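Asker: So you can see what is in the structure, the chains are spelled out below.
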Amino acid sequence: MLAAVLSRLLRMVVVMFGISVITFLIFFATPSSDPAARIAGKNAAQETIEAVRKDFGLDRPLYVQYGLMMKRLFVTRDLTSFANRGQQIVPAVAAAAPATLSLVSGAAVLWMLGGILTGITAAAWRGRWPDKLLMGISMMAVAMPVFWVGEMVNLITQNRLHDTWAFSWVPALGYTPFSEDPGLWFRSMVFPWLTLAFLYIGLYGRMLRTGIIETYQEDFIRTARAKGLTGRKVLLKHATRSAIIPIVIMFGMDFGVLVGGAAVLTEVVFGINGVGRLTYQALKVLDLPMIMATVLYASFFVVIANAVVDLLCLLIDPRMRRA
Amino acid sequence: MGATPEHETALPPADPSAGDKGWSRRGPWRRVLQGLLASPTAVISAALLALIVVATLLAPVYAKQVSGTDPFRSGLSAKIKIDGKPVPVMQQSTEGLGLGVTPIGPTWGPQYLLGADGQGRDVAARLLYGGQNSLLIAGASTVLCLLIAAIVGIAAGYLGGAVDGVLSNLIDMIWAFPVYLLAISLSIVMIGKSYAFGPFEISSGSLIVPILIIGLVYVPYVARPIRGRVLALNQSEFVMAARGLGIRPGRILWRHILPNVSTTLIVFAPMLMALNIVTESSLSFLSVGVQPPNASWGTILQDGQTLLYSRPMVSLAPGLAIMVTVLLLNLFGDVLRDVLDPKSARGR
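Each protein sequence line maps, in turn, to chains L and B. The working numbering numbers the first residue of the first sequence as 2 and each following residue consecutively. The working numbering numbers the first residue of the second sequence as 519 and each following residue consecutively.
Just so you know, the hints here were simulated from the structure itself, not pulled from any lab data. Keep in mind that the hints are not guaranteed to be accurate.
In silico negatives: residues of chain L with every beta carbon more than 12 Å from chain B [to be verified]:
| hint | residue |
| --- | --- |
| 1 | 16 |
| 2 | 28 |
| 3 | 177 |
| 4 | 280 |
| 5 | 283 |
| 6 | 298 |
Covered by chain L, according to a simulated footprint, are these stretches of chain B (three or more residues, beta-carbon under 8 Å) [claimed, not checked]:
| hint | stretch |
| --- | --- |
| 7 | 791 to 799 |
| 8 | 844 to 854 |
Keep in mind that this is a model prediction, so the values were computed, not measured. Using N, Cα and C, we set each Cβ at its ideal position, and we do this for glycine too.
From just these sequences and the hints, can you work out the full model?
Answerer: What follows is the structure, given as structure tokens:
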């Protein structure tokens, strides 16, 4: 067990190192991305570009640049933005993290509850109208781009209907920290939560339904039935329990990716100043260090989520400990 | 994001004993076609998808013959006739201070059927042209992704050893990037510049850039199951038998591995294409996909962002187009998977 844990931790470190190298190469070594020219601005004189290149250490060998960049990002934490001179990157990301965390955790609660309920209901009424209705809605949810759903939600809640009794409680777009006004925080997050959760309820519901139905073919279900257990007990205690493991694994990955900043589209549409929106804004002005930092931040979350999921699987399934 | 296609859904080799409907002698592909034709869902969704493709291909005809506008040039000062009266496409705002202009809304007539966008261009015509690009990008990147994933997955699974070590680790690393952020990163450094690879030249704003990016980011999601499938096939009795008979590795690969992997690839195709349509729209919405003045469903959505409250149709129409197309692709893909993999259809 310990050896398995250690080998996974080592692998995590290797993958993180690899990711940081790839990210660095994408932004600072692709022939078309000349960071010096980017910093100097459009139509800058050749001398200015050269001066900038020297100033930022961009004329040094690549591995030195990589080392400097990582040192300023992780050790001294004083890497500054190219676009807004003086804006430090690490504090900016740290300041944006709580907004993203509120969005994703609220949505996660909704989509786990909704997804599991959808999956079990559809499997229990397989082939009949509740199943068809739920699966129809799930297919729609998966087919719609999440930012478009967000726009449509805004159209309903922020436009003409905003002044009616139905949606007058919805505050204007934006994010209010929980510590400032918990009530306002909650009211402003309801629709972003629902929007983000909708897609995942569709995904998880469909997956759980398929899993339960497949589990129904297993021998232990037949045994459970033969023992005379009620249909409800077989469904909830046997089939759902075993079919839910892949869902838990998927949840770990999705949660990690989203907290890392993959909720960028939802954040942009609802004006939530999270990590994703930070990336989006850096993207508009081509602020390379900021984008690099947010992408690294995100991929580290994925790697950590991956490791946590792996460890959970080790705990759940003894067969994996030998692999 | 989490829209991972189901993994390890693979087809067992065509079972020669499955002759209950006299299909066995007709070959596996014929059987798949018959299975698809027997399903109303598959037939209807395929027909509707074909209709969408034909409609987008008729975009130039629509723009010239029906709407009579150039959907790629801004028409800020254009005027059209409604009920015999000339109406400007960009209408002076009458609300509030009366400042600024709002593009014309849906006329439901031949000209500006769905209204105009912020630059006075016909949304309906752009929707059709945009559909061409969205479908082309999604289709081409699907083919590219499947091709690369097949090569990587088969190489890793079949050659094993050091090749597998390098490729698997590379796949794991790319997997660890959130798809959207990887695509955004690649787009930033690639878009808006021209490249020359020997005789080939990619001009800035070319569709090849989004195709490459979208094609690359999903490779790990397909390559991983392919590798697993090849590893399993390597241990299967018929491959071991072939090896025992002294058949060359190349021939085993061609005759035994490839046909069995191809079904896995085909199952992925419609779902991947659906995913790629959504990815293209998201990237274009974030302005790192298709570049103006070129249109795609994603760029029209981006144009509509600022007009959301005044002219919602500019956002509504491309979103619905994406939803319907993706829905049809997924419906068709579900049937295709059930036909190719009878095991997964058992419980349905």
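Asker: Each of the hints needs a verdict: does it hold here or not?
Answerer: Taking the hints in turn, this is what the structure says about them:
no., hint, result
1, 16, "violated (6 Å)"
2, 28, "violated (7 Å)"
3, 177, "holds (22 Å)"
4, 280, "violated (7 Å)"
5, 283, "violated (9 Å)"
6, 298, "violated (10 Å)"
7, 791 to 799, "holds (count 3)"
8, 844 to 854, "holds (count 4)"
The structure is inconsistent with the numbered hints 1, 2, 4, 5 and 6, although it conforms to all the rest.
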